[in-house]
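Chemist: The listed protein sequences derive, respectively, from chains A and B.
Quick note on our numbering: the first sequence kicks off at 791 and runs consecutively.
Quick note on our numbering: the second sequence kicks off at -13 and runs consecutively.
In case anyone wonders, no lab produced these hints; they're calculated from the structure.
Stretch by stretch, here's where chain A covers chain B in the computed footprint (C-beta under 8 angstroms, at least three residues):
{"no.": "1", "region": "102 to 108"}
{"no.": "2", "region": "122 to 128"}
Computed beta-carbon distance windows for the label pairs:
{"no.": "3", "chain 1": "B", "residue 1": "K199", "chain 2": "A", "residue 2": "D904", "range": "26 to 34 angstroms"}
{"no.": "4", "chain 1": "A", "residue 1": "T907", "chain 2": "B", "residue 2": "A99", "range": "34 to 42 angstroms"}
{"no.": "5", "chain 1": "A", "residue 1": "G855", "chain 2": "B", "residue 2": "R49", "range": "51 to 59 angstroms"}
{"no.": "6", "chain 1": "A", "residue 1": "D904", "chain 2": "B", "residue 2": "R49", "range": "43 to 51 angstroms"}
{"no.": "7", "chain 1": "B", "residue 1": "I184", "chain 2": "A", "residue 2": "T907", "range": "50 to 58 angstroms"}
{"no.": "8", "chain 1": "A", "residue 1": "E911", "chain 2": "B", "residue 2": "E197", "range": "33 to 41 angstroms"}
{"no.": "9", "chain 1": "B", "residue 1": "A95", "chain 2": "A", "residue 2": "S930", "range": "28 to 36 angstroms"}
{"no.": "10", "chain 1": "A", "residue 1": "G899", "chain 2": "B", "residue 2": "E162", "range": "55 to 63 angstroms"}
{"no.": "11", "chain 1": "A", "residue 1": "T907", "chain 2": "B", "residue 2": "F13", "range": "44 to 52 angstroms"}
{"no.": "12", "chain 1": "A", "residue 1": "R1030", "chain 2": "B", "residue 2": "N34", "range": "41 to 49 angstroms"}
{"no.": "13", "chain 1": "A", "residue 1": "A1013", "chain 2": "B", "residue 2": "R116", "range": "46 to 54 angstroms"}
Predicted model, so just to flag it, every value in this text is computed and none were measured.
Glycine is no exception: its CB is placed at the ideal position from the N, C-alpha and C atoms.
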Amino acid sequence: MNYIVEMKNVYKSFGPVEVLKDFNIQLLEGEKVVIIGPSGSGKSTVLRCINKLEPIQSGEIFFEGKKVDEQTDLCDLRTHIGMVFQRFNLFPHKTALENIVEAPLVVKGMSRADAETIGEELLTRVGLADKRDSYPRELSGGQQQRVAIARALAMNPKILLFDEPTSALDPELVGEVLVVMKDLATEGMTMVVVTHEMAFAKDVADRVIFMDGGVIVEEGTPADIFETPSQERTQQFLKRIRH
Amino acid sequence: MNLDFSVVLTKIPILLEGCVVTLQISFFALLLGMIFGIAGALCRISSNRALNSIAFMYVWVIRGTPVMVQLFILYFGLPQLGIKLPSMVAGVLGLAINTGAYVTEIIRAGIQAVDKGQMEAALSVGMSFRQAMVRIIGPQATKICIPPLVNQFIMTLKNSSIASLVTITELFRTGEQIIYTTFRSFEVYTAVAVLYLIMNSVFMVIADRLERKMARQ
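Given the sequences, and given the hints that come with them, work out the whole structure.
Modeler: Printed below as a string of structure tokens:
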């Protein structure tokens, strides 16, 4: 089996705090994986280890079968792995379009005309073609997150990581972001989504992973996890978030 | 009261010459100081321990000692070690070293005030650390740094009066020399103060415009 991302026996700690303990995960191309779990369970850290925003203490990470190590060109690796952040992290001094074309221009060395064509296509795709010249502060949270998704797509990544993409949004703005994410899923994008949106997980996920205390407690189809969770910790967590 | 400002009027050409020297010293001190400060700040945020401690020591020593003493060491102290600096070089260098220490702290704080998520976002799309610093962090840090930098520039311009003590005939020393011959202390010192105020005001207006322009972006 060819995994797009594989983590083997990964151990990660922040000082004395163990965040990931002997963590293993395999992601297939085209797979949509949703990671759920209480805060502090290490969900976000999994994503941040995949694109090497966080170093790991031990274990191995493979991207498309190649081990990520000291020889790996991290910039190149990250162009293949898009990331969407909880707090959007758009560049505030750049317009929506400039946010999107920044990496194609600077990292890929694409011509401005080509980059802007791609940028405009992406803005249309996330429903914000009319906001190309708006600065992030002029956009709602939902619009900012959609621009951020377009920015992550601009490098034509092979996988997209979503780190609680709707957690910082007002409830009425969550829907517009989820719609964009569902479209991406339909188009076959490989996605790993850390979220508390259980309805989205049920709709979109091929596999749901429940994490707690830096380990995978349980994983399976949405039906397995949400309807017949086998582990007590999973049952307790689901009970808590349903109330 | 016995005030006679007409003395000042006749001496205006000489006072303006003093202004020119003050501006020259300040300009070069600021230019060099900015270079020292940017280098210092980059060292301070670098993960290289040696660079980091050098920059830390620099800021610690310079901020912790009076600028006058620093100038005196450069101009009157160094000759004892065989290093004789012309007064203008000692004056500019001393003020630049002093300014650089404060600028180091201003820029370091400015860079660190930019949200950490900005660096992460820049790295996540494949930018190198350097590209992220230049294109994403730098512009945002610059905006944060402008008000404290303006403050520091004003301080440096005023501190340039201390260069008079290492025999540079800038504005303050020009004033003193006029007083030696005219005995009009109040009038001349007042005129000197007004001239400093004018120079700084021009500077403040320019800085204010720049700040507004940056805020609009």
